[in-house]
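Colleague: Sequence:
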Amino acid sequence: MKKASMIAILITTFFYLCCACFGYAAFGNQTPGNLLTGFGFYEPYWLIDFANACIVLHLVGGYQIYSQPIYSAADRWCSRKYPNSGFVNNFYQVKLPMLPAFQLNMLRICFRTAYVISTTGLAIMFPYFNEVLGVLGALGFWPLTIYFPVEMYFVQNKTESWSTKWIFLRIFSFVCFLVTVLSLVGSLEGIINGSVVIDIGLGKEDHGSIPATAIRRKLEPLDVVRTCIRTRLDRPMRRIMVLGYYLARKIPPKVKNFIWRVGLNILPTRLRLNSRGVQCLAHCAMCNDGEEDIMHILFRCPMSIQCWQQAGMWENVSAGLIVSDNIAENLFSVMNSLDTNQQEVFSVMAWSIWKRMNSQVWDHITE
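All residue numbers in the sequence shown are consecutive under UniProt numbering, ending with 367.
These are calculated hints, taken from the structure and not from any lab test.
Each hint should be verified, as a subset may be incorrect.
Derived pair list, reagent style DSS-like, types lysine-lysine, alpha-carbon separation capped at 27 Å [to be verified]:
#, residue 1, residue 2
1, LYS2, LYS165
2, LYS2, LYS158
3, LYS158, LYS3
4, LYS254, LYS355
5, LYS3, LYS165
Computed spacing ranges between beta-carbons, pair by pair [to be verified]:
#, residue 1, residue 2, range
6, LEU59, ILE171, 27 to 37 Å
7, ILE109, PHE177, 35 to 45 Å
8, LYS158, ILE192, 44 to 54 Å
9, ALA123, ILE9, 20 to 30 Å
10, GLN64, CYS287, 30 to 40 Å
11, LEU99, ILE11, 29 to 39 Å
12, PRO83, LEU133, 32 to 42 Å
13, ALA8, VAL181, 24 to 34 Å
14, LEU59, ASN341, 32 to 42 Å
15, THR164, THR119, 41 to 51 Å
16, SER5, ASP325, 47 to 57 Å
Where a beta carbon is used, it is the ideal one built from N, C-alpha and C, also for glycine.
Please build the complete structure, drawing on both the sequences and the hints.
Modeller: Now the structure itself:
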């Protein structure tokens with residue numbers, strides 16, 4: 001058992017470190033909470049779907065295992081409290097066709113059903129998944145993983161005070177305690193910032209102020225508003241992030257992810273990769289002319305303009321563009337000049353142009 005636990009912990013630690021290090025190296029402070037969908041590339045779809053299926057399988061099994069102590073404690077407490085209650089103590093044999101008979105207890109059915117519903121409802125209502133997870137992890141990490149095991153090791157092995165091993169483990173425990181405090185502070189800061197009220201400007205109309213929690217329940221992905229606050233974006237940028245998702249809710253999630261990545265200007269274009277130290281060509285992959293940034297890909301590349309013209313959108317899109325290289329200001333200006341249906345078409349078209357460029361670069365497919 002000790003060997004199996006050691007192997008499992010090492011494998012888990014390796015994968016967590018890979019996600020943390022590679023995610024931060026690629027996106028920095030703007031690393032998305034969901035690394036499976038929070039980036040510019042979505043292919044191959046089967047790999048993303050397989051990863052999500054593995055997560056579901058892991059969480060379903062983990063939920064059952066971690067819930068069993070709660071179920072057992074509730075059953076024991078109710079049995080001691082109400083020893084004569086048939087609802088609590090009686091078991092009924094149920095036989096279904098082609099299945100073996102099983103024992104049914106009404107308390108277990110009612111309590112466990114209510115438990116699952118309540119925990120699921122709380123998870124849906126909480127808009128700060130990553131921050132809450134960080135708080136709970138910080139509170140449980142040092143006491144359960146570091147402090148108590150170290151203290152039990154001292155008692156079991158009768159380690160002498162101020163010995164080399166005793167000093168080393170004390171220093172190790174203290175360093176982990178500092179890491180826990182910093183993690184807790186960072187997670188609390190994210191929760192506090194997430195409750196700030198964002199002033200949403202929708203063109204000339206004043207729609208007032210809506211709490212970030214209310215916006216989160218309407219938008220996908222849930223990280224949009226938190227990212228706006230955390231990065232302290234300017235007012236036009238906040239408008240993009242909210243407007244693009246609030247008014248274009250019927251587009252696929254992958255398109256929504258793409259649009260807010262465009263607004264943050266963090267798509268892995270060749271120009272951006274060059275600025276991050278990646279050695280690659282800087283010219284546009286579709287027209288071989290001009291530096292490949294997101295402004296060029298969507299609005300300046302002749303191939304992209306041809307796509308907009310074929311879709312009958314170029315006149316509206318070009319009318320919304322402004323004399324600026326700022327993708328955030330241009331994206332908001334275009335979106336603000338379109339109605340709801342046009343915004344949906346615009347979002348899908350922009351994603352299709354990006355996908356076409358990806359297919360040409362990676363798969364050498366020209367559509």
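Colleague: Of all the hints numbered above, which does this structure not satisfy? Sort the numbers upward.
Modeller: 10
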